[in-house]
Amino acid sequence: MGRYVVRRLLQMIPVFIGATLLIFLMVNVMGDPIAGLCGDRQCDPATAAQLRRDFGLDKPVWQQYATYMGNVFTGDFGTAFNGQPVTELMGTAFPVTIRLTLIAILFEIVVGIVLGVVTGLRRGRPVDTGVLLLTLVVISVPTFVTGLLLQLLLGVKWGWIDPAVSSAAPFAELIVPGLVLASVSLAYVTRLTRTSIAENRRSDYVRTAIAKGLPRHRVITRHLLRNSLIPVVTFIGTDIGALMGGAIVTERIFNIHGVGYQLYQGILRQNTQTVVGFVTVLVLVFLIANLVVDLLYAVLDPRIRYA
Amino acid sequence: MLLEVRDLHVEFRTRDGVAKAVNGVSYGVDAGETLAVLGESGSGKSVTAQTIMGILDTPPGKVTGGQILFEGRDLLTLKEEERRKVRGAGMAMIFQDALSSLNPVLTVGDQLGEMFTVHRGMSRKDARAKAVELMDRVRIPGARERVRQYPHQFSGGMRQRIMIAMAIALEPRLVIADEPTTALDVTVQAQVMDLLAELRREYRMGLILITHDLGVVADVADRIAVMYAGRIVETAPVHDIYKAPAHPYTRGLLDSIPRLDQKGRQLYAIKGLPPSLTRIPPGCAFHPRCPMARDVCRTDVPPLYEVTDAPSERGSACHFWRECLHG
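For the record, the sequence lines run as chains S and Z.
61 is the number that the UniProt record's numbering gives to position 61 of the first sequence; each next residue is one higher, with no gaps.
254 is the number that the UniProt record's numbering gives to position 254 of the second sequence; each next residue is one higher, with no gaps.
These are calculated hints, taken from the structure and not from any lab test.
By construction, the Cβ of each residue, glycine as well, lies at the ideal position given by its N, Cα and C atoms.
Don't take each hint at face value.
Some chain S residues flagged as far from chain Z (calculated, every beta-carbon gap over 12 Å) [what the hints assert, rightly or not]:
hint, residue
1, Leu57
2, Met69
3, Leu134
Heads up, incomplete: computed chain Z residues facing chain S, CB under 8 Å, no partners named [said to hold, decoys possible]:
hint, residue
4, Ile55
5, Ala89
6, Met93
7, Asp97
8, Asn103
9, Pro104
10, Arg148
11, Tyr150
12, Leu325
Some chain Z residues near chain S, calculated using beta-carbon distances under 8 Å [to be verified]:
hint, residue
13, Lys85
14, Ser100
15, His152
16, Leu195
17, Leu199
18, Pro288
Sequences and hints are given; from them, build the entire structure.
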């Protein structure tokens, strides 16, 4: 196990370098980062050259990348063009997005798994057909439609929630955005759990558990659920990374100043440092989430042993 | 009588129609007795067993008639909660494939101990000690260490021993073993069967041994019930049946055992295939494959005739059992 973790951590290095280099290069071809700094007017050439020198933009790209990565590892993600350190932006954005992601994951776990178990145990019944249809609708409708619709109905028409989340973004205000963020994954979790439960329900070890005279709830929770949730846990784990980076649409709709919002702003304003910095952290989150999922897999299924 | 099955009928509703899996099966097992239920796949032997245990998948399965008397109580009329308490404690079942029948993500200690925590309300610690004891009892070496292992870490024979240990955990009065050795190596088969026979003697359990292997039956069974297309076609004490079968189907089965003194000769096989359970032939279900079939076999369903010529109690569902017995 220990050796496996070390190997996996070592494997993460090339992936990390590759991913960050890619994003670094992509941001660089986006256009001249200096161009947007002087407002609507063309920058005065002397100022532009000065800014380029200050930001190290006159050096070759590989050198820029090396310098940047060197700084990243000392905790310096550079300065946004407005003079604010990127780490400061992260400090305000990440807690908000983490809260949002946490709510989304909670929805996936609680609602998704419960619906999946219920439908899996009642395959072909009206509950099953109804939920299945609902998941299909949720999956096919884009997030911005669900988001805007909920905002319009709950926020504007019925006034149950504030249409926009305040800048402090406390948990209570993030519930509806969290649900919107989770919606598509929630539908997938439901379907995945349903299939898994229905499949395992007919398995020999469940039959054994019934033959042992165990009460129904014990057969379901201890024998059926434990086995059926292995693929679901894997899905939810990998989804953490996707949710954190993929909240751009949801954060825009509800005006949440999280990672997605900052990324969006960064891209709009060609704020290279912000974009690269945030993406670098997201790459890390993604890699770690994947590693944790793989390790969790071995915990859940003893037949998998890493060496 | 410990267990008495009376005129049991079980159907499956499938897309191709109603499959009549069990059509009026009656048999009984006494305490300490071993009944071997013999038959090809699809003969209804496993479905009967699952119905006795109450683990039939319903739907698609449905019990459409009959009684299952266990220690005098009709199990089919019990409430599910009562029925559950009988399972595991009063009667237990050993399945064919121990690898898929044991839960892959729980240790064998947990799976054995569960019997005691659930049925006897023991603490986890005591249940764990009981699990070790049971593993010792079925002669698994190093039980104390191996109790923490998972099913996949055991060999096929050892896994089947764990299944047996789980079945005898609460010292049930009846054990149903559904093809307990089919998935095992031949050398291991004998060991597992011996262990099962030994435990049956020790605890004076009734044992229903479901198999299609006539070789296994001869050594351990007291009585045999041969099933075909959801009916019992012959029932007799084990030695009588080997000496002189009273049903052409049993005779066919016995003739298809390879024998050392007939080396080199072509092995006998019953011609044709077992009937589809959605379209069981009229009259005697075996008549399309029977070498002795006559007109009456195509129209009249033979009842289970009492074989009066025999010194012991036996029955045959063949219109011409006398001919078969003496021919």
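Hints, verified against the model:
The claim that Leu57/S lies off the interface holds: its Cβ sits roughly 55 Å from the closest Cβ of chain Z, which is beyond the 12 Å cut-off. For Met69/S, the condition that its CB be more than 12 Å from all CB atoms of chain Z holds, with the nearest at approximately 42 Å. Annotated as non-interface, Leu134/S keeps its C-beta farther than 12 Å from every C-beta of chain Z; the closest such distance is 25 Å. At about 5 Å, the closest approach between the beta carbon of Ile55/Z and any beta carbon in chain S falls short of 8 Å, and the interface hint on this residue holds.
Taken as an interface hint, Ala89/Z checks out: its beta carbon lies about 6 Å from the nearest beta carbon of chain S, inside 8 Å. A least Cβ separation of about 5 Å between Met93/Z and chain S falls short of the 8 Å threshold, and the interface hint therefore holds. Interface hint at Asp97/Z: satisfied, since its Cβ lies 6 Å from the closest Cβ of chain S, which is below the 8 Å cut-off. For Asn103/Z, the shortest C-beta to C-beta distance to chain S is roughly 4 Å, which falls under 8 Å, so the interface hint holds.
For Pro104/Z, the interface hint holds, the least distance from its beta-carbon to any beta-carbon of chain S being 6 Å, beneath 8 Å. The interface hint given for Arg148/Z is violated, since its Cβ lies 10 Å from the closest Cβ of chain S, which is over the 8 Å cut-off. Checking Tyr150/Z against chain S by beta carbon gives a least distance of about 4 Å; that is within 8 Å, so the hint holds. Annotation: Leu325/Z was flagged as interfacial toward chain S, and the flag is violated, the nearest CB pair being 38 Å apart, outside 8 Å.
With a least beta-carbon distance of about 6 Å to chain S, the hint placing Lys85/Z at the interface is held under the 8 Å criterion. The interface hint given for Ser100/Z holds, since its Cβ lies 4 Å from the closest Cβ of chain S, which is under the 8 Å cut-off. The interface hint given for His152/Z holds, since its Cβ lies 5 Å from the closest Cβ of chain S, which is under the 8 Å cut-off. For Leu195/Z, the shortest C-beta to C-beta distance to chain S is roughly 19 Å, which exceeds 8 Å, and the interface hint is violated.
Taken as an interface hint, Leu199/Z does not check out: its beta carbon lies about 17 Å from the nearest beta carbon of chain S, beyond 8 Å. The restraint placing Pro288/Z at the interface with chain S is violated, with a minimum CB-CB distance near 33 Å, outside the 8 Å limit.
Consistency note: the structure conflicts with the earlier hints numbered 10, 12, 16, 17 and 18.
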